[in-house]
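Going left to right, the sequence shown walks through residues 1 to 298 as my numbering numbers them.
Quick caveat, the hints were computed from the structure, so don't treat them as lab data.
With a cut-off of at most 27 Å between alpha-carbon atoms, the simulated DSSO-like pairs for lysine-lysine come out as follows:
(1) Lys220 <-> Lys196
(2) Lys234 <-> Lys196
(3) Lys234 <-> Lys220
Just so it is clear, the structure is predicted and the values come from calculations on it, not from any experiment.
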Amino acid sequence: MIKTCALVLALFVCCAVADHNLEGEWTDESGYGQSLYVCLNGNRFNAAYSEAGIMVGTTDASGNTASGNWYEGGGDTLSCTTGTFEITYNEQNDRLQGTWECADDDEEHDIDERRLSGGDPTTIECALLASDGSIGGDWLENFYNIAICVDDDDYVASYSYAEDYSDPEYEFRIPGFETGDVYSDLIGSGFYEETKDQGVSLVFLLQTGQLGNFFWNAQKGEELNPNDFDDDSKHGYSVLDFTGNYINQDTCERFSYVEDEYLYDDDDQSRSSSDASAAFAPVALVAGVAVLAAGFLY
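Please work from the sequences and hints to get the whole structure.
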C-alpha cells in the first residue's frame, strides 16, 4: 500500500512539474483581458492573446525565457502594431513575467500573468505559425472568401462574405477591401473597409497551412475596445483554407472602390436603407465580373 501511494505521488509530482513551463493558457491582464495561449515547438515560441495579437520568438536553453516580436492588426493606421517582448516563467509563483515595447518607442511595459491551465493549447489557439510560406493567395471559410496579394512588405486584399450565414442561398454579399504591412511573408497587419464596417485585421499563416485572421471593428486610429470581444458583429477569429484558385493583382483590388464609397457617415454611424439598396448594384456587378474573369465561386 505504501509503495502504491509513493508511485501515485511520484506520478503526480512528475505531471505537475511538466506543467511548470511557459506553455499553457494564461491571463491577458497586461493586454485585452481574455486569454494568452502559449505553444512551444522545440525552441520556437508562439502565442496568441485575446484574439487581438500574436507573439513569435524563441526560448533560451532553459526553456523558461522567451523573446521575440509581437504583432497586432491596424497596419499604418495605428502608431503601435508591432514591437518586441521578453518573458520568463517564474517557478516560485507560477507566473509569466516580463516586458514589451513598441517598435518605434523604447518605453517598457510590464507583463505579469497567472496560469489558467496547463497542457498543450491547439495550433489554432496559440497561432502556431508555419516555418515558411506566404499569406498570399485565395482563402475560404464557409461564406467568407479573401484574395491576398503580397508585394514585398505590403499587401492588398479583396474579400466578401454572406450577410446571412444561416441561409446558404442568400445572394447578397458584403464586399471589403484591406491593405497593410507584411512581416516575413507570414504575417499581415492591416485595416479593412467595407460597405457596412471598418476595422483592424491581422492575418497569419498557420502551421496547418491555413490562414488565421483576427479582426476587430474600429475606426481609423481607434484603439481596440476589449468590451467588443464577445460581440460577433464587432470581433472574430476566422481560420480559412487555401483554395488554390488563380488570382492576380486585379483580383486582389476588385473591391478597392469600397475605400471611396464607405457608407458610414463620420458623425452618424447608422446606415440608411437607401445606402443599402444603392450598394447592391455595384456589388452584384463586380462579383459577376470577378466570377467570369477569375473563376471564383461566391
